[in-house]
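Dock chain B against the given chain A, drawing on the hints supplied.
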Amino acid sequence: MTTQEWKFTAKDIASKPDLFLSGHRACAGCGPAAMLRLIMKATRGPTIVTQATGCMEIVGSVYPYTSWALPWLHTAFENAAANASGIDAALKAMRKKGKVKQEHIDIIALAGDGGTCDIGLQALSGAVERGHDFLFILYDNEGYMNTGIQRSSATPTGAATTTTPAGSVIPGKLEKKKPITEIMLAHDMEYVATATPYYWKDMLTKVRKGLEVNGPAFLHIFAPCPRGWRCEPGKTMEYSKLAVESCVFPIWEAVNGKRQLSTPSKLIALAPQKKKPVKDYLAGQGRFRHLYTPQNKHVLDEMQRFTDERWERLLQKCESA
Amino acid sequence: MEKQVKQETMALNGDEAVAFAVKQCDVDVVAAYPITPQTIIVEKFSEYVANGEVQTEFVCTESEHSAMTACLAASATGARTFTASASAGLALMHEMLFVTSGSRAPVVMAVANRALSSPLNIHGDHSDSMAERDSGWIHIYVENAQEAYDSIIQAFKIAEDVGVSLPIIVGLDGFTISHTLERVDVLPEDAVKQYIGERQLPNVLTHEGKTVPFKLDPDNPMTMGPNALQNYYFEFKRQQEEGMKNALKKIQEVNSEYAKISGRSYGNGLVDAYQLEDAEVAIVCIGSTAGTLKVIVDQLRQEGVKAGVLRLRTFRPLPVEELRNALKNVKAIAVMDKSMSFGGFGGPVFNEVRHVLYDVKEHPLIVNYIFGLGGRDTSPRNLRRIFEDIVQIAKTGHVETQVQYYGLRE
Chain A
0 MTTQEWKFTA KDIASKPDLF LSGHRACAGC GPAAMLRLIM KATRGPTIVT
50 QATGCMEIVG SVYPYTSWAL PWLHTAFENA AANASGIDAA LKAMRKKGKV
100 KQEHIDIIAL AGDGGTCDIG LQALSGAVER GHDFLFILYD NEGYMNTGIQ
150 RSSATPTGAA TTTTPAGSVI PGKLEKKKPI TEIMLAHDME YVATATPYYW
200 KDMLTKVRKG LEVNGPAFLH IFAPCPRGWR CEPGKTMEYS KLAVESCVFP
250 IWEAVNGKRQ LSTPSKLIAL APQKKKPVKD YLAGQGRFRH LYTPQNKHVL
300 DEMQRFTDER WERLLQKCES A
Chain B
0 MEKQVKQETM ALNGDEAVAF AVKQCDVDVV AAYPITPQTI IVEKFSEYVA
50 NGEVQTEFVC TESEHSAMTA CLAASATGAR TFTASASAGL ALMHEMLFVT
100 SGSRAPVVMA VANRALSSPL NIHGDHSDSM AERDSGWIHI YVENAQEAYD
150 SIIQAFKIAE DVGVSLPIIV GLDGFTISHT LERVDVLPED AVKQYIGERQ
200 LPNVLTHEGK TVPFKLDPDN PMTMGPNALQ NYYFEFKRQQ EEGMKNALKK
250 IQEVNSEYAK ISGRSYGNGL VDAYQLEDAE VAIVCIGSTA GTLKVIVDQL
300 RQEGVKAGVL RLRTFRPLPV EELRNALKNV KAIAVMDKSM SFGGFGGPVF
350 NEVRHVLYDV KEHPLIVNYI FGLGGRDTSP RNLRRIFEDI VQIAKTGHVE
400 TQVQYYGLRE
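Protein chains in written order, with numbering that gives the first Met the number 0: chain A, 0 to 320; chain B, 0 to 409.
Okay, chain B solo, but in the shape it has when bound:
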């Protein structure tokens, strides 16, 4: 399918956009448990089920732990599966996230990013999915409701690729994206179905030397989820990393294929660079903040400031080369983190970006701004001040504070 297809424009919030995409993806099993700000996804999907608009088995589990377990088990049986969660719910899934990636089950999960307790807070930040950074899942963060819709469709294509066979989190900022009504262009259902196709299963070799699909099948009994000790465990983990490497390519491929039918792409799928080619100062961020930053960059450019934005769309696998190439010529960089790594040296995004640029000769000066925790509003005026700070750093070559907290009383 090469030609761009005719699309319909809908008014959807991020959660509704996710539910609508799942409806179009011919998902076999959805197992989920409600939690703010993800609730609209499961509510909307329940309506599709109740009205017979989908053939999906919808399992309202008694906890997120069982939701992820049921998704994993359904995926192991050969089904296409989806779930959604946030915050405490994602934290309760923690154990099963590792089991799911280790079992190479391509479960797709939307995470409406939200703060973690305590104190209890239902609003948006990235603490929840950042805590799952090393769970072996692919992490994609979207900028708006349109991208949430597009990324869910892409997620099935990426996760279920036999070379990847890894689960994937699509993160959308709680409330800022999940609950904000936006214009969303949607593809016709048949175009989506044709694009993602049926789930393909990897083939594996049995003890008898037979090649069979990797699933629970009475015709080809297979032991899934064994225990592997000192002699094999390490190889399993190393193979998972190979899946991540393959994902790096697959995400880019899907981004350009999808652009052909939809007319929409997000950078190269890994990083979304805005006005970076000749930029002297840049802000690196993930999620919805990039939208506001792009507007500020436009203003600054008119004022003659060579400013740019790099939105890290794919956080895992980390696009090392792409980050390095996009940022190596910038003089000063501010990395924005909507979560904290307590006792560490700055937030998780800062750590990655700074780390990646270490090998660049005459690398840029890099500072970290921790902001927006627990849904604290981030005004364009504050973001503009961060640009002013790094313009100053670029000019003087002097960094006063490497890690700062922005927009809070101290």
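So here's chain A without its partners, still in its complex pose:
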């Protein structure tokens, strides 16, 4: 069944058995865990999952228990894409020799923002350049949450983390969030997309499209972390929505470099008055609390400016494509 034919409905999702099972040890309100359970519903047949060290790796594989109803491999932090390379090469070689009976096996590599944008970027770039057949999914909770909320290159400007604390002189992280999808697009990939779990149908469809690519595909999923963001556990989905509505995290997909906004972001592009201020998205997130003081107001202003600039650039890219 191709993506076009496959309609993800709530009923379909509910009736399909879970592949990331309950009993894992994620925190209450964990965005990545909710995302993981959902996206595994978009698999289309025999699948092998490999994962970088991180929250979602440790919560689901505490020996002798497992949350994985799929074959699953973890080896280290910086190498999820290299794992995928090895699995892909093994399946190809063994299939030629008649040692793999399945006609096709999908490979999904999962990593957090540290395992993708920072320590894992080299292995990812290498595996994509070599053209291995796998879908790389980045679940971005904007920090090293597993080791106790440290800064990553995907942490947004202004956020307080344990390595960029809100001090009396330095107000949290000063640098911008690394534009990882632009880097991946520059690899001439067939499929690159962004998604958030609030728009779950869109997210599942993108997972399926990524799997259907005969070669590497990249999906960047925004996944709030209540523990690391110092927000209420019940707000995970709300922030997944507000990030899109404020254009902090627009959702789009690029097929062979042609970029198109996905419906929720497209609606904002068509009716700019619907675009919410960044402040609405930041409200209630403890990691930005220190910005609501007179001396840090400039950071808030800058954040709005960055967001507007990136959004404008994205619109131009979508038009020119």
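Hints are computed from structural coordinates only; laboratory data are not their basis.
Small disclaimer: the values here were computed from a predicted structure and weren't measured.
Just so it is clear, CB atoms sit at the ideal spot from N, CA and C, and this is done for glycine as well.
Take these hints with a grain of salt, some might be off.
Unchecked claim - Below, a sample of chain A positions facing chain B; criterion: calculated Cβ distance under 7 Å:
#1 V61
#2 T65
#3 L69
#4 A89
#5 G125
Stated by the list, open to error - The calculated label-pair distances, taken between Cβ atoms and stated as ranges, are:
#6 A:Y62 with B:K259: 37 to 47 Å
#7 B:E46 with A:E311: 49 to 59 Å
#8 A:K98 with B:Q298: 49 to 59 Å
#9 A:R24 with B:T210: 53 to 63 Å
Relative to the frame of chain A, chain B by itself:
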């Protein structure tokens, strides 16, 4: 297969001999990154791939870290895998060496032994693989290109044995072996394939009580590479040691089986003793130095000196009994180390040998010579002087300096 098979003689350097052996072993995946002096292995193998002489998937990774990762992941998927590295490349793999042995993935790796930076030096010594001593890999060091060829074939048989299931390093001295053209007798490909057979996977018990092969398989989903905490980690590590114990037997078994088809064996596979039976003085070393030492022993024997050589072929698992039995009656021993353990008491080989002989009553006098670092030439004349030193020690029973550096300006 009991009968010795007809062999072809080729002129190969050590690296080419390794690549040729890998070609014959029906390897599924080779993932590697080039580094001097290992480069010829990957270059030669790339030619086999480009000319359709192998069915292997060759993955030119962007780093050694990813090379070892890809080998581990391919091995976990059920594939026979090989890689090669040296020096800085091996050091970059360091993290993954532990993960690979801990995952019980029988990856075979050739290491063209080379010095570590800094200062940068591309030449041969054992600093690189000695730094990986405790990584859980089996370590075999060869004496020449012929043995490099034979040991790669044997390595698959040893590593993939279900009782062993551990990765293995075959170390060949950088340049001295890797780049030196030698006469190498090679087995016909079908004889190699028949000898090593297809990779056998260990069976494991699932949660449902089913017995299934240990690999990533959608029909039998398995969680590989979990996290094991205070309550289980220790047992995993203890089991790895059991694999090492089994390797001790398997290496000897493979050495004698392989001798039947090839006519070649290397001591008992663990230690290679030369003129040791009645020796009063002996030198213990690893790698190519043993070749030169054997020639010197022949000369000394003609002069009436009861000299011998013990080449430690298998460094991990350490053949404790074999070392003890081979050396217990020698009066004075010089252990040669081509690497240093900074701030320690002599080099790593010295430490092992001296340690093993501690329990022997009236144990031999043992001294350490650190030599050949960064490819410093080791002349037969210098090696002969070491024998002269230990003859003197045997005579007088007096050791002046326990750890010495040989062949350098001080």
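Which hint numbers doesn't this structure obey?
9
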